[in-house]
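Number of protein chains: 2
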Amino acid sequence: MADHTVKAFDEDITRLRGLIAEMGGLAEVAIQEALDAMVRGDEELGDSVVARDKKIDALETEVDKLAVRIIALRAPMADDLREVIAALKIAGVVERIGDYSKNIAKRVHMIEGRDRFEPLTLLPAMGDLAGEMVHDVLTAYAARDPGLAREVIATDAKVDAFYNSIFRNLVSHMVENPATISSAAQLLFVARNLERIGDHATNVAEMVHFAATGSYPPEEDRL
Amino acid sequence: MADHTVKAFDEDITRLRGLIAEMGGLAEVAIQEALDAMVRGDEELGDSVVARDKKIDALETEVDKLAVRIIALRAPMADDLREVIAALKIAGVVERIGDYSKNIAKRVHMIEGRDRFEPLTLLPAMGDLAGEMVHDVLTAYAARDPGLAREVIATDAKVDAFYNSIFRNLVSHMVENPATISSAAQLLFVARNLERIGDHATNVAEMVHFAATGSYPPEEDRL
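Top to bottom, those sequences are chains L and S. For the first sequence, the positions run 1 to 223 when full-length UniProt numbering is used. For the second sequence, the positions run 1 to 223 when full-length UniProt numbering is used.
Extracted from the complex, chain L is given alone in its bound form (with noise of 0.2 Å):
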């Protein structure tokens, strides 16, 4: 490319970094504020997240804009023109994780007896790793840090033991207490939702990994 091209290309880049930077932002708050709702039965507060889920989702209609002109202009080559996929792989993934914390708000009104639920002083635990995960993903993605991306990729391995004993406990919870059945089966799927967002957190480690070094980091990162 000439070299106004490029100049041009690298503001189009960062442009798109930061459109996705922003998502990242407001899917961080999202979780944290889909818990705090849940937790507190605060129907107002889920209602202001399932309503500022829009918000991600038009972000990610801009990425997708962005990336298509980006591609029609500038005709990038070779890791440029992976870069700007890769973007939109993430935006994708991103406003699914949105989507995530939107379902989790949803459900804020479904729940009864909230202080008898052990799980309710659990899951914000949980949550805070998940969003702590999307934060770091999302810095390793700006920073195009390998190492960042494993220490996601390893943090995995922690929300998955929140969702096996938050769901045990669930299932007992359920026995001894067959009034409470439904509201605690919307906290499974509350549990549920922060796995999938711990899920897609490692899959763009996977992907700013492979965009960073070539190739996905070994599989004992997973454990």
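These aren't lab readings, by the way, just hints derived from the structure by calculation. Here the structure is a predicted model, which is why all the values come from computation and not from measurement. Treat the hints with care, as some may be off.
No farther apart than 27 Å at their CA atoms in a straight line, the calculated lysine-lysine pairs in the DSSO-like style are these [said to hold, decoys possible]:
(1) S:Lys89 - S:Lys54
(2) S:Lys158 - S:Lys65
(3) S:Lys55 - L:Lys54
(4) L:Lys89 - L:Lys65
(5) S:Lys65 - S:Lys55
(6) S:Lys89 - L:Lys55
(7) S:Lys106 - S:Lys54
(8) L:Lys106 - L:Lys89
(9) S:Lys54 - L:Lys158
(10) L:Lys106 - L:Lys55
(11) L:Lys65 - S:Lys89
(12) L:Lys65 - S:Lys65
(13) S:Lys89 - S:Lys55
(14) S:Lys106 - L:Lys54
(15) S:Lys65 - S:Lys54
(16) L:Lys106 - S:Lys158
(17) L:Lys89 - S:Lys89
(18) L:Lys89 - L:Lys54
(19) L:Lys7 - L:Lys54
(20) S:Lys89 - S:Lys106
(21) L:Lys89 - S:Lys55
(22) S:Lys158 - L:Lys89
(23) S:Lys65 - S:Lys89
(24) L:Lys158 - L:Lys65
(25) S:Lys106 - L:Lys158
(26) L:Lys54 - L:Lys106
(27) L:Lys7 - S:Lys55
(28) L:Lys54 - L:Lys65
Mind docking chain S on chain L? Use the hints.
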């Protein structure tokens, strides 16, 4: 583009569409076999569904690579570029549909007391509907048929109705049979996975409709 470039581009796009059709065929089979395995408790069949999901993943990687090559070599503009990007996105969604079936198949060995679960007769019917949506939306994609895409979107309401019915049924079952709560919780996730397959088929249907008509289908289709 020069004539020979147009022809090469058309051939590439045909190949891209062929790969996506192959992914879709495998995803349909996976839904049906995962539910067969679940209903009969056939762990061997479940394992083969899990193993064959790698084939769907490999096809997605092939779509990604081919799409990047098409963009790099043919430098498609406007509608042609959007078509390639749409193929990338649709392949991503079909891959996710495969993951949901794999997730169902992984739960086959977690169900005890199969013959006492009424939902085990409802889930295959729900799976047939979800599989039909996947089949029809890929037919709509291949034929660029917005009418069929709208039918797929309308079918999603039936899948959601199945989900709600199975959810209520399982919660009642849990209340009446506390000893089976753990198995019932697994079946909740199975129903949820099928419901998500319907959602993803709907997303593809919206993309197909948009690609064919330039507008998203009216909201009343999504009853």
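Hint by hint, which ones does the structure fall short of? Structure breaks hints 2, 3, 14, 19, 22, 24 and 27.
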